[in-house]
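Asks: The lines below spell out each chain.
Number of protein chains: 2
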Amino acid sequence: MSVAEEFEVANAEYAASFSRGDLLLPLKRKVAIVACMDARLDSARALGLEEGDAYVIRNAGGRAADALRSIIISQQLLGTREIVIVHHTDCRMLTFTDEMIRGKLRSDLGQNADYIAFLPFGDFQQSVLDDIKWLKESLLVLDVPITGFLYDVGTGKIVRVEDNV
Amino acid sequence: MSVAEEFEVANAEYAASFSRGDLLLPLKRKVAIVACMDARLDSARALGLEEGDAYVIRNAGGRAADALRSIIISQQLLGTREIVIVHHTDCRMLTFTDEMIRGKLRSDLGQNADYIAFLPFGDFQQSVLDDIKWLKESLLVLDVPITGFLYDVGTGKIVRVEDNV
Numbered sequence: 001m002s003v004a005e006e007f008e009v010a011n012a013e014y015a016a017s018f019s020r021g022d023l024l025l026p027l028k029r030k031v032a033i034v035a036c037m038d039a040r041l042d043s044a045r046a047l048g049l050e051e052g053d054a055y056v057i058r059n060a061g062g063r064a065a066d067a068l069r070s071i072i073i074s075q076q077l078l079g080t081r082e083i084v085i086v087h088h089t090d091c092r093m094l095t096f097t098d099e100m101i102r103g104k105l106r107s108d109l110g111q112n113a114d115y116i117a118f119l120p121f122g123d124f125q126q127s128v129l130d131d132i133k134w135l136k137e138s139l140l141v142l143d144v145p146i147t148g149f150l151y152d153v154g155t156g157k158i159v160r161v162e163d164n165v
Numbered sequence: 001m002s003v004a005e006e007f008e009v010a011n012a013e014y015a016a017s018f019s020r021g022d023l024l025l026p027l028k029r030k031v032a033i034v035a036c037m038d039a040r041l042d043s044a045r046a047l048g049l050e051e052g053d054a055y056v057i058r059n060a061g062g063r064a065a066d067a068l069r070s071i072i073i074s075q076q077l078l079g080t081r082e083i084v085i086v087h088h089t090d091c092r093m094l095t096f097t098d099e100m101i102r103g104k105l106r107s108d109l110g111q112n113a114d115y116i117a118f119l120p121f122g123d124f125q126q127s128v129l130d131d132i133k134w135l136k137e138s139l140l141v142l143d144v145p146i147t148g149f150l151y152d153v154g155t156g157k158i159v160r161v162e163d164n165v
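Quick note, the sequences are listed as chains R and E, same order.
The first sequence: position 13 = 13 (the working numbering), numbered continuously.
The second sequence: position 149 = 149 (the working numbering), numbered continuously.
There's no promise every hint is true.
Put simply, identical chains are the same to the list, so a pair is met inside one copy or across any two.
Stated by the list, open to error - Below are the BS3-like pairs computed for lysine-lysine, each with C-alpha atoms no more than 27 Å apart in a straight line:
| hint | residue 1 | residue 2 |
| --- | --- | --- |
| 1 | Lys-104 | Lys-30 |
| 2 | Lys-157 | Lys-104 |
| 3 | Lys-104 | Lys-133 |
| 4 | Lys-30 | Lys-136 |
| 5 | Lys-30 | Lys-157 |
It is worth saying that the hints were derived from the structure and are not from the lab.
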């Protein structure tokens, strides 16, 4: 059975007890979450989200720059007025560089990916602060409250990351 | 209380019963999911995901082109070997055009976003097929099984989207 087929089986059970078919946009909580795609992070369970609560944007590292298109759509068309960033401990974004992954694509696939910024980082608290700053400076992003959290994959806890400088 | 503070309260409860701190990469299920950010879709519950199961990439519309950076990282560095795309009914990506949102950013914020492709679409089954085709043709993406689903926000059900042409 492929993973896609396993998803179909699991979904049949989910749909059998589904009771949120009345959910309408706009949202109760006007928030866009930007979180890492990491398999160990279940952003809904970890943040107490119910269906209908929040737009959830996820990518490698939970990087703001790569979420810009979705953030703009969520603010301009869907009415979000708060942003929450979630990065996490033991993130694989700390283990490579642009040069490394571009070199691997060149040698394994014969392809040039030098035009792609893979956005790795060197510190998972600094990356949260960098992304808050990046969003605050972006002229395409509304001036809304932005909170950054670091999720601990070992304990399931989030801790707020604050700039104490 | 801001939404971020509500998340902290909910997370304290989650962390109190957290028992998955032993999760190690690589994954049990070597899959990357590309799903829409829509608030009504809880990708983990709808697909039966446990913490540690799958990389979850989410953006406005669940568009493959905007997930490329994350898909490459998941394949080249994290070992995913299957892709599952999830778009959904009543998607807001059907309600605007690039020209509309660029015009709104120009008039409301005085900013030029003409360089951003917002990737709206006209049909949420065709968008799944388009994204499968786009990934299959991308030379930076490995030749792996790709399955596309349409999630029904009214019933909670996923239905496989297949190219019957």
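Asks: Which hints, by number, does the structure contradict?
Replies: 2
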